[in-house]
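If you count the sequence shown from 1, position 40 lands on 40 in this note's numbering, and the numbers rise without skipping.
Because the hints were derived from the structure by calculation, they are not lab data.
Only a predicted model underlies this, so the values are computations on that prediction, with no experimental measurement involved.
For every residue, glycine included, the Cβ atom is placed at its ideal position computed from N, Cα and C.
Please note that a few of the clues may not be correct.
What the hints assert, rightly or not - With beta-carbon atoms standing in for the labels, derived distance ranges:
# : residue 1 : residue 2 : range
1 : Asp23     : Leu47     : 31 to 41 angstroms
2 : Gly51     : Ser24     : 17 to 27 angstroms
3 : Val4      : Met25     : 15 to 25 angstroms
4 : Gln42     : Ala8      : 15 to 25 angstroms
5 : Ile3      : Ser26     : 14 to 24 angstroms
6 : Gln49     : Ser24     : 35 to 45 angstroms
7 : Arg41     : Thr12     : 35 to 45 angstroms
8 : Gln49     : Asp23     : 11 to 21 angstroms
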Amino acid sequence: ESIVQYAAVCRTQNNELNAAADDSMSRFCEDVATRIEAKIRQQKDLLEQTG
């Protein structure tokens, strides 16, 4: 759960700073948040299948 919150905060900060930030850093932050969320979804799905 805390990782999901971290990803959301990262995405929010990225959106707020997007105008001032370098575009490559913006894409990096978005990519990290997306990967974290996907990994968590995979783990939840696996737990549901085995549980």
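Evaluation of the provided hints:
1. Asp23 with Leu47: 31 to 41 angstroms: The hint (31 to 41 angstroms, Cβ to Cβ) holds, given that aspartate 23 and leucine 47 are roughly 37 angstroms apart.
2. Gly51 with Ser24: 17 to 27 angstroms: At roughly 40 angstroms between Cβ atoms, serine 24 and glycine 51 fall outside 17 to 27 angstroms, so the hint is violated.
3. Val4 with Met25: 15 to 25 angstroms: holds (22 angstroms)
4. Gln42 with Ala8: 15 to 25 angstroms: holds (18 angstroms)
5. Ile3 with Ser26: 14 to 24 angstroms: Cβ of isoleucine 3 to Cβ of serine 26: about 20 angstroms, so the range 14 to 24 angstroms holds.
6. Gln49 with Ser24: 35 to 45 angstroms: holds (37 angstroms)
7. Arg41 with Thr12: 35 to 45 angstroms: Violated - the Cβ-Cβ distance for arginine 41 and threonine 12, about 20 angstroms, lies outside 35 to 45 angstroms.
8. Gln49 with Asp23: 11 to 21 angstroms: For glutamine 49 and aspartate 23 the Cβ distance comes to about 39 angstroms; the hint is violated.
Violated hints for the displayed structure, listed by number in ascending order: 2, 7 and 8.
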